[in-house]
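S.K.: Construct all of the structure, not just a fragment, from the sequences and the given hints.
Mapping of the sequence shown onto my numbering: position 133 corresponds to residue 133, and the numbering continues sequentially without gaps.
Certain hints may be false.
Using 27 Å as the maximum straight-line C-alpha spacing, the simulated DSS-like pairs for lysine-lysine come out as follows [claimed, not checked]: (1) Lys65 <-> Lys41; (2) Lys95 <-> Lys65; (3) Lys62 <-> Lys18; (4) Lys62 <-> Lys7.
These are calculated hints, taken from the structure and not from any lab test.
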Amino acid sequence: MDEVVVKGLHRIEVQDSKGNPDQAVLEIRYRKIRILPPIGKQSRYPALTLTVIHADERRAPKNRKKIEWKLLTDLPVQSRGDAIEKLEWYSLRWKIEVFHKILKFGCRAEDSQLRTAQRFDESDLGFLHCDLAHFLDDDA
1 MDEVVVKGLH RIEVQDSKGN PDQAVLEIRY RKIRILPPIG KQSRYPALTL
51 TVIHADERRA PKNRKKIEWK LLTDLPVQSR GDAIEKLEWY SLRWKIEVFH
101 KILKFGCRAE DSQLRTAQRF DESDLGFLHC DLAHFLDDDA
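M.R.: Structural data, given as structure tokens:
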């Protein structure tokens, strides 16, 4: 992606290795690529047109690893704003992971063997509410 011109910059909030707030300035590049199916399957599957979004931190920080994200998407990316939107979605992945961890361990969702929404009773919702409220307060 080094041959692709930088389409813009994007500033994000991060934490350093000690948990202190920090900012990172990312160079945004993106381009379309075409992926062909394996040779033996080209008659059954079409080629895919995808967009590669590359976000690379301009300078190496002192107290944390340098950010370098490479994303592939089949969603339209026609502008810097479109690319940043996809990057912001990607940056939420950690919150989604924590949410699933809360469901699994905090609410013991796997232990309850839920098969229908009706079995998810009010007490389960109470635990979920408390855990999620705590989680959201930590990130504020």
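S.K.: Now tell me, hint by hint, if it's right for this structure.
M.R.: Structure-based check of each hint:
1. Note on Lys65 and Lys41: the hinted pairing is violated, with a Cα-Cα distance of about 40 Å set against a maximum of 27 Å.
2. The hinted pair formed by Lys95 and Lys65 meets the criterion: a straight-line CA distance of about 19 Å does not exceed 27 Å.
3. A distance of roughly 11 Å separates the Cα atoms of Lys62 and Lys18; the hinted pair therefore holds under the 27 Å criterion.
4. Between Lys62 and Lys7 the CA atoms are separated by roughly 26 Å; this keeps the pair inside 27 Å, and the hint holds.
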